[in-house]
Each structure stands twice: as structure tokens, then as C-alpha cells.
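Q: Sequence:
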Amino acid sequence: MTGDLIKNACQVGIIESILLKNFMCHSSLKLSFGPHFNFVSGNNGSSIPENAVHSVLLESISLKVEFEDRGGKSALLTAIIIGLGGRAAATNRGPSTKEFVKTGQNSACISITLRNQGPDAFKPELYGKAIVVEQTISAQGTRQYSLKSESEHIISTKKEELNMILEQFNIQVDNPVSILNQEMSKLLLKSKSGPEKYKFFMKATRLDQMQEDYSQILRTKTITRERIAEQDDYLAELKKKVKEKERHYKSLEPLNGLQEKLEQLKNQMAWALVIEIEKDLESIKDCLNREQQHGIKYNHELEEWQAKVNFAELKFKAAQDQLQKITEEKEQLQRQLLTLKENMTRKKKGCKESEATVHLCKSQLKQLQKDHDLLQRQLEELSRGCQSSKANFTELKDGINNLQEQLKPLKQEEATTLKQIENYYDTISNLKDEQDNLRHEEQAMRNTVQSKRSELGKLKASRTDCLKRFNGNMPELLRKIEEAHKQGRFRKRPIGPLGVCFRLKYPQLALAVESCLRGLLLSFCCDNYRDEQVLQSLMSQCFHSGRRPQINVCEFSNQVYNIKDRAVRHPDFPTVFECLEISNPVVANCFIDLRSIERILIIKSNSRAREIMQQQRPPANCREAFTAAGDQVFPNRYYSSETDRARYLGGDVESKIRELEVELNEKIEQLSLNQKRSDLIKNKIELSYSNINKAHMKRRQIQGRITKIELEFGDLENIEEPQPFHIPTLRKETRDIYHRILSAKTNLEQARKDMDEHRKLMDEDEKKWKEMREKKHSIAEEIDSRKEELSKMDTEIEVYKQKEKHLEEERNKHLERIDKLKKSLETKENTLERDTAKARQICVQRLEVSRDPKSIDVEINCLRERINMAQEVHGNKEEITRQYFEILKLQKNIQDGIKRLKNFMQMIDKIMKERHKAYESFLKSMSIRCKLNFSTLLSKQQYYGMIKFDHKNRDLSIMVECGEGMKTTQGDTRLLSGGERSFSTVCFILSLWDTIESPFCCLDEFDVYMDMVNRRISIDLILRVADSIKCDQFFFFTPLTTSFLPQGNQLRILHLQDPERGQTTRSFATPEEPEDSDN
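The sequence shown runs 1186 to 2264 under the working numbering.
Rather than coming from a laboratory, the hints here were simulated on the basis of the structure.
There could be a bad hint or two in this list.
Distance condition first, Cα-Cα at most 25 Å in a straight line; then the derived DSS-like pairs of lysine-lysine [as the list claims (entries may be wrong)]:
1) Lys1551 <-> Lys1537
2) Lys1671 <-> Lys1952
3) Lys1533 <-> Lys1952
4) Lys1952 <-> Lys1532
5) Lys1384 <-> Lys1938
6) Lys1637 <-> Lys1861
7) Lys1593 <-> Lys1883
8) Lys1333 <-> Lys1283
9) Lys1960 <-> Lys1515
10) Lys1551 <-> Lys1938
11) Lys1945 <-> Lys1533
Per label pair, the in silico range of CB-to-CB distance [said to hold, decoys possible]:
12) Gln2068 <-> Pro1770: 45 to 55 Å
13) Asn1769 <-> Glu2014: 25 to 35 Å
14) Lys2095 <-> Asp2205: 48 to 58 Å
For clarity, every value in this text was computed on a predicted model and none was experimentally measured.
Using N, Cα and C, we set each Cβ at its ideal position, and we do this for glycine too.
Produce the entire structure from the sequences given, and follow the hints as far as they go.
A: As C-alpha cells, this is what we get:
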């Protein structure tokens, strides 16, 4: 048990397993290795199948493998070298690692598991008992490392960590003795040069690296000696300068008294400044206390006036409520009056209807009486005779026919007259509609003419001053702004109007830009709200009526916003921001903040604008667009421009004036034509009214004639032809008419009563209406008086508010003064604290100084003049003192540096002598060990040989004598057979194994030129030598059979079968099957 632990402890760094993916000929391969001997056999051109591990300790397996053209054994050795950080050139398989990626794949992966147990384990607390070195190789040749723990957790991805692991385990992938590939093996077999063999020996024992280190140290020693010599020369010159500076320094001793006095005055000056600040601080505190006392008074007065304002507002609110109540009462009374008026109208109509009923009853009664009288006369006439009655009736019928003939043309004439009247009314209605339209057009034209005259006046005024185009008061406002700025009323001068602060890149788009910016063109920019208040007061002086320019408050900046990510980018159309050349960043930032001009496109064509914004998906970051005609286009709506000309941004003023004058004259002519047309319509309306009056007069005349004829016609129709034999009937009709007369009289009396009742009710309503109207008038008078009272109260409240506002402004000014005093107090306290700290730095102990700082300063200046005069003679004391001590310090530093370098050189010389002796001893020891091992190993085959070293000429010669007595030197090794030469090479390599301490060694095709006898002897020899090194792991790659190898726990065999023609996969033989056809 103890032996196994020791063995495992010694085997730190051996390879436990390897995993290949898409590496050379292997798509996916995972192998587990034994801790000591591992043989990989198979003919050249074979490949190792996935998991095809044949061990005497494992059960029989049968696997399949892909057939590739490249060797599987060499691929495994190459994977070990590359996976542990070796270069591609060291494998002799390709110039770059990208050559190792399997054809058709994007990357390859090598994963090697190293044992990490025992006292020499590398960071076992992180990695555990095993370290997984994983390397990924891309098709471009890049390599990426992943160092994982035993549980597959990534610990590091750095190549430096892998180098530390390899150094800890003493793994040397570039050492040919540690890993001997095919090319190096062939080179050793075919090499005839002694220097090459010597170079191989030096590289295998790492003595060449030691020699290179010694050479580098010798070069460094030479450079260091040259530097010491240079420093010695410089130190001699520096000593001369030190003596000169010392002489100057000693000559300044008379100035020490003046310097001491100057220092005392500086101390006094420092504390005098502190005392002066303390006095100022006390004064500020007193002033602050007085202002705070005044603040209490201001607050008390302000509270009184606020109470007055509140009381007056409450009183005003009560009066307003009372007025509202009276107004509501008046409105209610007005509604009652309207209702009463409607009732009166209705009753008046009823009264007129009752009067008409009375008149009707009277006329019916009169008619009945006439009929009764007529019947009486008829009865009397009948009694006189029938002959005379018949003659009269014939005459009566002729009269009726004559009246009918007269009535017919009169009715036709009346209908014609009515039609004419209707036509006249229709004509008047049409004329009045036309007159109203003309009146509206005329008013619109007057407004247009007035607007164009105003615009024309501004344009003419802008000939001499372009600012007048924006407003006639704009030059005066800018003059006042300039005066206020010179007086210091502005913290920063306002900028504006913004319409003059930029230039159009494309003048043809002026209307679109103006439609977008609108009122912003007349606006101003202020840096703060205090400047805004000052500008508002200046505007109130220049703009007494009308709309004032807008004021935008934004902090002034010297840099335009970064709009790269939120701006619109379109290949054909610019944004508003891109159409403007703005030199002032404040103006550009204002337009970006208030209008987002970087997100608004200008598209000349209306149809194209609709297509881009509405029919398609709008461009990224685009919120709206404007056309060249000034129309505004959104994704879901469209607004047409109200004007067709740029008012503020027009380029040529004279052409604009000419165009405007032409338009103004056209509008004036149109207005004159409209007035003439309106007069003509007015005359036509008057003429139509005159014709209507004439037609009404004519109709009344016709109606009079028709009425007269109808009455006569009625009278004649009522006379019937007398019947000689109907006298009883006439008498009966007479009696009926009499009864009807009585009934008509009764109806007349009832109608008169109804008429009197209606008149009475109408009189009552009229009386009530007059009373309510008088009450309404009284209420209206009361409302007027209350309104006047409210106006007085409002004026009083306004006066109170003005007083309150004045007091509040005074209090605010007072508070500002207090704030200024507090800030001044804080500043003074900070200054006092800072100056006190400075004074303590100058003089730690406080000095009570009664002198004024100015007098001390005068004395300091006089003393400095004296010192300067003395320094002009002797030089600047501080500078000379500084230079003197600096050069002293430099001299000491250089002396110390030279001393350290010389001590270092002495130590290096001593160490180099000792190391060189150790190197010579080590070289001699390695040579002797190699010779002894080589002779011993040759004697195993009944050979005699020796290795001769010539270290001076870096030459190595091998002498071998066969059993038959033939002796061969380096010059004629070709006389040996291939197997003998391979055996001697194996002995040479085995003799070098004893000189290295690598955890594993690899030999590739070491026995390819041996016969079976030498091969068996060589392998037995290798196993015996390797077995004596219990701590090492060995890998042997051979294309020959391994069936003769002994079985044991320390031996593991990986065996490949020959590929069959025409197939892509092969099956592996079981361990019981023979591996060679010869057996």
C-alpha cells in the first residue's frame, strides 16, 4: 500500500486520457492510457478508432473506424505536442495549426487530462486530482486554451497558466528526448554530422539553454561596466559643480537677517488679513441682524394688506353673488315677460277672433233681416200679380249674367298681380343673399387690403432695417436690450429675434421653413428667468398693444446637441435642421427643444409628401413633414397652408414689394367693383319694393271692385223667380228666417259677451305685463348700480393688490439682500477659515496685529526691493539654495548608484564563477553518464561501443563494434545495417533518458529499420530501462507487431488492424484473435 502511494506520488504530470474532435484524421476519439507503458501499433495509413483501446486488463471489444489517408499514430503524438502548447513546427506535420483541423470542419478540439497528485501537485485546492488541458483550434489557425479542474469547471484560459503547469511538472514538449517524432528519429538514424549529434545532446539535457543564459548575463555585465564608467566620468564633473554652488551658497549669508525680518512681516501680514476679515464678518453679521429685524416688519405689513385683500375679495364675492342672484331674477322675469307676451298675443288673437265672430253674427243677422224683408216684399208683390214679377225676374237674370262677365277678368288680373308680387319677393330674397355675400367678401377684402398695406409698410421699412420686417417696434426693442446689457441688467444678453439668427441654404424652401417655425421666428432666448423678467419689462415699453414676442428660457450652451441617434435620415429630402445654417448653438438647441427640427422633413411635392408620410411607413424618427407650399403633413392628417408667401424669410425685398403692390392694387380694384355691384343690387332691391307697393295698390283696387260685384251678385242671386202657386212656402220660409233672426241675435249677444271677456283678460294681462316691465326696469337699474359698485370694489381690490404686490416685491428684495448677506457671510466665513488655515501654515501661533495690512504690505514691498537689490549682486537666494541642495542630492544618488552597481557586479562575478564551475561539472557528469549508459546498453546485444565528446569543438562521435569484430566510426556508420543503426540510436536515446526528469516520454517508429531480432532485443531493453525508472510514463508508436510483448499490469496496448480496400469502416479483432498472419 505504501509503495503504491509513493508510485502515484511520483507520477504527477502523466497523461491519464486524451480526447480528440475533428483533429487530423479523427472525428471523435477518446483514449485512456496506463500509468507506465503504452504501445500504439498499426500499419502506416491506419487510424485509431473511437474508444479502440486494447489492453490485457480490458474485456474484448469490437469497434468500427473511419478510413482516412493520414496516419492515426502520428496524429496522436501530434495532438499531445499541440495540446500541451507546442508549436506546429515542432511536430514536423505542418507549418500552422490550421493544417490539423479535419477537412470540411470549422474547428478541432484537443482535451488532455494530466494527473495532479502528490506533493508536487499544482494548485490541488483549485484543480483537484486531475488537470484537464483543453485547446480549441479554428480553421483560421487561432488557438484557445481552457484549463479545467477534475470536475470540468474552467479555472483559467491563459497560456501563462499552462506554462506554469508544464514548468511545475517538468513537461518539455520541445525536448526531442522527451518526445521523439518520426522526423527526428529518421534524422538521428541518417545523421553523419558530429556537431548535429552534439547539438541534439545539448538540447536533450537542456544544457544549451543554460549556455544561452550565461551568454546573456555576460552581455549584460559588459553593458553595466560601460555604464559605471560613464557614471564615474559624470560624477567627477558633478563634484566641480558642487564646489561652485557651495561657494555661491555661502556668499548669501548677509541676506539672512533681511529674510528673517521678511518672514516676520509675512507672518504679521497673514494674521492681519485674518483680523481684517473677522472685522468685516462682524459688520456683515450686524447688518444681517438689522435686515432680519426689518424682515419682521415687512412680514407684518404684508399680512395686514393680505388681510385687507382677502376681506375685500370676500366682500366682492358676496356682492358678485348678490348681483348673480339679481341677474338670475331678471332673467326669470324676462322669461315670465316672454311667456306673458305669448299669452297676450294668444289672447289678443282670441279677442280678434271674438270680434270677428261678432261682426259675422251682425252681418248674418243683417242678411237674415234683408232676406226677411225681401220675402215680405215678395209676398206683397205676389199678392199684386204674377205678370209684373216675371218681367222683373227676367231683367234680374240678365243683370247676374252681366256681373259674372265683369267678375271673371278681374279675378284673372288679381291672380296675375299676386304672381308678380311673389316674383318681386323672390327677386328681393335673391338680391339680399347676393348682397350679404358681397358684404362678407367686401369685409374680407378690406381685411386683406389692410393686412397687405401693413405688410407692405413693413417691407418698405425693412429696406433700411431688416428687423422691421418682423415688427416695426423690433429695432427699438433691440436698442433698449443693448442699453440694458451695457448697464449690466442682463447676466447674458438675450438672443433674438431668432428669425435673423440663421440663413437659409435653400431660399426656395422659405415658406416651408416659416410654416414650420411660425412664432419662434419672432421669439427671443434668455439664459435665466431673471433676464426674462428684465426683457418682459422692456417689451412692455415697446409693445403697448397687440401680441408680444415669445420668450424662451434655456441655459446658453456653446455646443449643439448631439442629434445623431434621433435625427431623420432620408436620401432624397432634407430635414428643417439641414436646411438652416445656424452659427449660434443656443439658437439651434432652442429650435431642437421647441420644434424638433431634426425630425421634420421638407418634401417639395404635395403628392410625394402624401405618398411618403401617409401611403407608406414614415421614415424612422420622422414625426411630420412640410411641403414647399407650406402644407403640414402628418401620418394621419393633412393641413393646408393659410398663406402662399414667406412673410419673414423672403429673400429679395424689392421683388416682394412689387408683388405686394400689384396684389394690393388688384384687391383695391376688386373692392371697388364689389362696391359698385353692391350699389346696383341696392337700387334693384329698392325698385323691387316700389313695384311691390304698386302691385299691392293695384290688387287692393281690383279686390274692391271684385267685392262690390260679388255683393251685387249675391243680392241678385238671393232673388228667386216667383212662383205663383208657392205663397204658403214663402210664408213658411219667412217664419223660418224670423226664427233664425232670433237665434242670430242670441248668438250675437253671446259673441259680444265672449268679446268683452277676452278684452277684460287681455287688459289684465297687459296691466300685469306693464307691472312686470317696470319691475324689470327697476331690477336693471339695480343691476347697473351694483355693477358700478362692483367696479369700484374691483378697483379697490386692485389697489390693495398693487400695494400687496409692492410690499411683496420689497420683501423679496429684502429677502434677496438677506440671502446676499448670508452668502457674503458664508463666503467670508469660508475665506476666514481658508485664510486662517493659510496663516497657520505660515505662522502656527496666532499673532495679534494692530497694524493695517496695507502698511505691512508697503513695508514688505520695500524689504523685498532691498532683498532683490542684494540678490542682483549675489543672486537669488532660494534658487541658489535649491540648486545647491539639489546638486548635493544628485551627487549622493549617483555615488550610491555606482556603489550598488559595483557591488552587484562583484556579486555577479562571484556567482558566475561558481555557476560556471557547476556548469562544467554538470556537463562532464552528463557526458560520463551518457557514455556509461550507452556502453552498458550496447553490451546487452554483444556490441561494443563508446561516445566521444569534444566540448571545445562542440562535436560528438559514436563508435560501435559489432559481435563479428567489425568496427565502425562516425565516418562509416553506413556499413551498419538498418536494424543495427536503429538499435544503436535507441541505445543513444535511452542513455539520455537518465539525464532528464520528464513525467512521460514518447518514441515514434523507433524500430522501423530493425529486424525482428534487434527489435525484440531493443524493446526488451527499453522496457527494462524504463522499468528501472518507476516514476515515468512511456508512449511507444510502432507500425510493427506487438504480439511478443509480455503481459503485465504496467503494460497497455493500443492496436490497429490493416484497412480493407473499398470500405470506409473496419472492425477490430478481439484480444483472442491473432494480430499477425505470421503467427
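Q: Decide, hint by hint, whether the structure agrees.
A: Each hint, compared with the structure:
no.: 1; hint: Lys1551 <-> Lys1537; result: holds, 21 Å
no.: 2; hint: Lys1671 <-> Lys1952; result: violated, 77 Å
no.: 3; hint: Lys1533 <-> Lys1952; result: holds, 14 Å
no.: 4; hint: Lys1952 <-> Lys1532; result: holds, 14 Å
no.: 5; hint: Lys1384 <-> Lys1938; result: violated, 159 Å
no.: 6; hint: Lys1637 <-> Lys1861; result: holds, 22 Å
no.: 7; hint: Lys1593 <-> Lys1883; result: holds, 17 Å
no.: 8; hint: Lys1333 <-> Lys1283; result: holds, 24 Å
no.: 9; hint: Lys1960 <-> Lys1515; result: holds, 9 Å
no.: 10; hint: Lys1551 <-> Lys1938; result: holds, 19 Å
no.: 11; hint: Lys1945 <-> Lys1533; result: holds, 11 Å
no.: 12; hint: Gln2068 <-> Pro1770: 45 to 55 Å; result: holds, 50 Å
no.: 13; hint: Asn1769 <-> Glu2014: 25 to 35 Å; result: violated, 41 Å
no.: 14; hint: Lys2095 <-> Asp2205: 48 to 58 Å; result: holds, 50 Å
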